[in-house]
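*Asks:* Order-wise, the sequence lines are chains A and B.
For what it's worth, the numbering used here labels the leading residue of the first sequence as 1, then goes sequentially.
For what it's worth, the numbering used here labels the leading residue of the second sequence as 1, then goes sequentially.
I should point out that these hints are in silico values taken from the structure, not numbers from a laboratory.
All of these numbers come straight from a predicted model, not from anything done at the bench.
By construction, the Cβ of each residue, glycine as well, lies at the ideal position given by its N, Cα and C atoms.
A hint or two may mislead.
With a Cα cut of at most 30 Å, we get these calculated DSSO-like pairs of lysine-lysine [unchecked claim]: (1) Lys612(B) <-> Lys513(B); (2) Lys522(B) <-> Lys495(B); (3) Lys73(B) <-> Lys418(B); (4) Lys53(B) <-> Lys280(A); (5) Lys612(B) <-> Lys280(A); (6) Lys614(B) <-> Lys73(B).
Okay, the calculated beta carbon distance ranges per label pair [unchecked claim]: (7) Ala238(B) <-> Leu279(A): 26 to 34 Å; (8) Ala229(A) <-> Ala195(B): 47 to 55 Å; (9) Trp38(B) <-> Phe230(A): 43 to 51 Å; (10) Phe55(A) <-> Arg20(B): 29 to 37 Å; (11) Phe230(A) <-> Ser193(B): 51 to 59 Å.
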Amino acid sequence: MNLSKRNKHRPHQIDPRADAFAPWPKNYLTVQPLDRNRLYDFDYLTLGLTFILVFLGILTIYSATYNPEASGWLTGYCRRQCIWFGIALVVGSGLFIFHYNFLYQVAYPLYGIGLLLLLAVEVAGSRHMGATRWLSIGGMNVQPSEFAKLTVILALARYFSDRSLPPPYNLKELLMPVIIVALPTVLILKQPDLGTAMLIILISGVVIFIAGITRGTIVTISISALTTAFVGWHFLHDYQRQRILTFINPENDPLGSGYHIAQSKIAIGAGKLFGKGFLKGTQNSLHFLPEQHTDFIFAAYAEQWGFLGTIILLALYFAFLFRALNIAMEARDSFGSYLATGIAAIFFWQVTINIGMVSGLMPVVGIPLPLFSYGGTSMLTSLVLISILLNIHYRRKT
Amino acid sequence: MATLDSRKKSKRDQIAANGRVIMIVMALIVAGITMRLWYLQIAQGEYYNQKSKDNRIRSRRVRALRGIITDRKGEILADNSLAFNLQLIPENIDQIEEIADLLAAQIEDLEADSIVRLYQKTSASARHRPLTLKKNLSPNELARVEARKFELPGILIETEPIREYPYDEIASHIIGYLGFINDRELELPAYKSYARDDLVGRTGIEARYQEHLRGLDGQRQVVVNARGRELSSFTVQAPQSGKNLELTIDIDLQQHAFALMGTEVGSLVAIDPKNGEILALVSTPSFSNNLFSSRISAKDWQRINGDPLRPLQNRPIQGRYPPGSVIKPLIAAVALTNQVITPQTSFACSGAMSLGNTRFRCWNRYGHGKVDLYRALKESCDVYFYNLATRVPIDSIAAYGARFGLGRLSGIELPGEKSGLLPSSSWKLKNVHDQWYTGDTISVSIGQGYLTATPLQIAAMYAVFANGGTYYQPHLIKAVKRSLTPRDHPDIATKFDGTRVEISDHHMQAIRKGLWQVVNDKRGTAFKSRITIKGWEMAGKTGTAQVVKQTLEDLKEAKDTPWRFRDHAWFAAFAPYDDPEIALAVLVEHGGHGGSTAAPIARQAIEFYLDKIKRQ
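Please construct the entire structure, taking both the sequences and the accompanying hints into account.
*Replies:* Here's what the structure looks like:
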């Protein structure tokens, strides 16, 4: 009854014209077993694309860490990635049972926890390669900035779905969302983790954009963003500036900081149209690629499969993103729409930044290729996000 | 609602509209990435493909083995062997202090602190590359490291070809030694085909025959990974070993002569008078050329280079000494050929000769009395030669002496040869700015004054008296060969045609007879060093060269004079008298009298050599 009382204050019920979505289900906090009659509502396409991408990823991890002297094919990174995929599948399926509106309830508390964790990193984080990003909780290393990505879009989705005023919003109305984004971003920048901070701003930008903003606001934000970038240059760490400078001309310093990009470009380019073939990538097998199974896995893939392989991979990702945005547009309520858009944005920017980075279009910021790169956290996060996406789609009519 | 702005839309409409915009933007960005990949993989694909090939295939040089140097009988004088170097791979090491302490305790000249410092100085990108801690471990050290292999992770033993000289200091002035090429040389056109870390000959045959000995480096292509580790390799061009050199040296004689010189400072040169082949070329004190094969330590270099006796100097070809009385047969030959005397011409020696206001003393202050050529040589009468000097112009001596090899480079195949000085009147005018006086000729006639010669020149000159009048260029190289196997014919067999010296046979025999008497006549200055074995008789001449001008008053016994002011002792000889097999010159610096110091050494060397060739 407490819940039904709160439902009365739901914005879309106060102003149904502004938000022509279905009302909250009464039982969104209860476990909802899958309905045998509604199996056709399940998004098999997204799930299929996920499986194909993960499979290609595991194949590339195998080739990237391939050692002809080692026995057995399912060893090392490849084996661990499979195990992580299994764990992530179980977690994702588990979450699927709940109605995604549960996340509406916990959006702000989760956002608060995310901020607290980032503050904890500030106080008690462990330093690693010149930056404090990791927090040790019960023997496990957690990277709160990864968690922050999800909590920020949850908070934004809730905030915008709570608005009674119809969009588009002007600058004054966007003050709260900007604060929601700025708090974690500043904390992450202090770590310093330029890549993730930039990623959060880009993702939030997409969510704010789909919620609707006036043209004047877009212009104002663009101008202030440029100004911030100009001023921000002076606050960057030397290694970050160096990365940006070598990004502009990596060949200036082929053995130093530009080495990674130069080698990665060689790997991609050497693939030519058809690629060198599976396990035949020399850049990769001779360890010229840095972090060839994590951040630079795309280069290892491109060397083996060529331009044909890379456009197929891009097409798969694009189909996935297209589908995610469709889910956003078909969602039963605005919260689901914003959340699905945020998830699509997370994938889109990560794919863009990662491929842009390894192909020499962007600075090296250490963002993995989702579903593809080796890494348990990344795999788990990705599948949880996809689970939410499928959840929004499956429950679009209830 | 009335509050609704006309521009405001429903949330669903807004999402649908903006969602389409987002899709278009995403499609554009993905298209942009596709174009980038097109550029990299299709437009520039061939370029990057080539780069990836260059990336993994590296050309490595395969060092050619340096040619081997042997003596005339094939005995190896310079060889290639393996050195064992101690190395450390930083990335395989956890407890550097522990390992450094352990190594310092096992290996000489290693300090724990410096190992730790070297380790800490290594940059992160170079941690996979081995650092060399010590080169050329001794067998003992090698055994100690091998025994503790399991306590020393990250420590390895690398092998490297190294030059080895089995006879060490005995022949180091002939063979020379190697040194690493330096940065300045690498820029010179002459060293265009060399690379850093190449060893080149620095002195001796090693230097002079550098281009013959070095061979042709081969090339190997290796597939490497990003850390530079070799994964596989194939040979593109096999290296060609350097050419082998056969020297004219008889290493047994060289070794024996070196032992005979003992602690004396000086030279011994032995030449085959039949062809000018150098049989022995000893310079004492000597040094170990093996020390230079791996980088010589500062301590050793300081010891060798700082020695006041200058062991690095190759005295037989670089030492310029007044020849003293060993020049006398040449003066006699000039006088005889100029027909100012006959062998029977006699002069009276009263112990000195006056010329103007100057008295030129004979070494025998009591005088020799009536002296002819034979006696003059036998007893080394100075006054006899003073008399010749007043009758023979210096330019005649200069022209004639040059035929015997004096005053000019002999052309021996060693770097740094000195020509000595055979003065002439024009030389004096040019260099001393004064005219030539008869007194100058008098000094020259007993091997003093402006005249200087190297022991090699004296030996070559006595080879002419030995063979009866033919000057052969003294040389060290017998043949340049491709390999040691006997069926391989020499690429270059060295042979020099002799040049006849202008002297009548009659006069030559007279001088030879005089030289025979020096050793074999009871009153000869080298009678004590005669060879008594029949058929081996030696002929020769003693010499005592003044280092400082002495006056009659302070002429003291040699033992009272400080070492560095004592006279140089000479002895030049050949044997057997009838058919000489060996001509030889011995110089002992500050050795006093030639007859007592130098002649015994010469005699023993000759006996050793004649005994050796007789037994063969």
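*Asks:* Does each hint fit the structure? Answer for all of them.
*Replies:* Verification of the hints:
| no. | hint | in the structure |
| --- | --- | --- |
| 1 | Lys612(B) <-> Lys513(B) | holds (26 Å) |
| 2 | Lys522(B) <-> Lys495(B) | violated (40 Å) |
| 3 | Lys73(B) <-> Lys418(B) | holds (29 Å) |
| 4 | Lys53(B) <-> Lys280(A) | holds (12 Å) |
| 5 | Lys612(B) <-> Lys280(A) | violated (70 Å) |
| 6 | Lys614(B) <-> Lys73(B) | holds (15 Å) |
| 7 | Ala238(B) <-> Leu279(A): 26 to 34 Å | holds (33 Å) |
| 8 | Ala229(A) <-> Ala195(B): 47 to 55 Å | holds (49 Å) |
| 9 | Trp38(B) <-> Phe230(A): 43 to 51 Å | violated (33 Å) |
| 10 | Phe55(A) <-> Arg20(B): 29 to 37 Å | holds (31 Å) |
| 11 | Phe230(A) <-> Ser193(B): 51 to 59 Å | holds (55 Å) |
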